[in-house]
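**Q** As a plain string of letters, each chain reads:
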Amino acid sequence: MTAPFFFWFFAAVVVFGAVGVVAMRQPVHSALFLLLSFFGVAALFITLNAEFLAAVQVLVYAGGIMVLFLFTIMLVNVKRTAGEPFLHRQAGAALVVTFLLLAVVGGTIVASSRKSGLENAGAAADPASLSTTTIVRDVTQNVDGKRVTTSVTEKVAGNSQAVAWGLYRDYLLPFEVASVFLLVAMIGAVVLGKRTMERVD
Amino acid sequence: MISVTHYVALSFLLFAIGVTGVLIRRNLLTVLMSIELILNAANLNLIAFSRQLGDLNGQLFTVFVITLAAGEAAIGLAIIISLYRLKGSVNLDDVSELKG
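From first to last, the protein sequence lines stand for chains Y and P.
For the first sequence, position 129 (counting from the first letter as 1) is numbered 129 according to the working numbering, and the numbering increases by one without interruption.
For the second sequence, position 19 (counting from the first letter as 1) is numbered 19 according to the working numbering, and the numbering increases by one without interruption.
Extracted from the complex, chain Y is given alone in its bound form (with noise of 0.2 Å):
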């Protein structure tokens, strides 16, 4: 699929980065961490020829999602609990629950793959694929003063246009409904946010 190099280099930095975001005191310095790991699968992306959405998820996550994390960060004062522990009472019951799910699915992995062959775990298909699409539009002429529509056939190439294509034709009502959410989302954190407003008699 890609160099074994980088696959081994960012699946590191993503595992030192979650452990990262588990194992510090502070949320600042979890915070950090969660964004060394974004790096990581925006990397693990571009190896797997999502061009498009290792961009979008170095935009949305690394520079969104963490500004909004650093943000309310700073607004909730975390020095109070600086001395509390800061794990869970049932923490030595969880990673315990957690080591046997690691166990049983990791297990479950090794085990088929080593049934079908890691190596050969089937070829994996052409990335042109991913990065090309079909799209078939209407072109009207004038031909001796008729209007003449016909249907054209193109290759469009490039990730981003292949993913632009995809959602906007045969996703189109999901993206929608994905807008709907993001404003309904927007308006909700407005309202939870804002301080409750004095009353004027």
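If you only want the chain P side, here are some residues facing chain Y, beta carbon under 7 Å, derived:
| no. | residue |
| --- | --- |
| 1 | I2 |
| 2 | A9 |
| 3 | G21 |
| 4 | I24 |
| 5 | L29 |
| 6 | T30 |
| 7 | L37 |
| 8 | F64 |
| 9 | G71 |
| 10 | A74 |
| 11 | I75 |
| 12 | I81 |
| 13 | S82 |
| 14 | Y84 |
It should be emphasised that the hints constitute simulated quantities derived from the structure, not laboratory data.
Just so we're clear, the structure is a prediction, and the values are computed from it rather than from any experiment.
All C-beta atoms in this analysis are idealised placements derived from N, C-alpha and C, irrespective of residue type, glycine included.
Once you've looked at the hints, dock chain P against the given chain Y.
**A** For chain P alone, kept in the frame of chain Y given last:
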């Protein structure tokens, strides 16, 4: 040679770390960050299989998951801020009552 299995295993490891964070941390902010890790693991899975199968639909779904994550972070952080105004704390243990 890196196959889709490697990506699935990495994605699961990321998911497990996120679940651990949700379960063991007392700070609401860190719990929210761990949820972002879980969503990232799902995205990685979708894109790995999209690459394996040569199907663009995985990438399109990831766009919607990222949209969802953005909305979830905005609402979650707004709730945390209003909770902090109400209780003066962002600890999970301090918000165990239904009636404020």
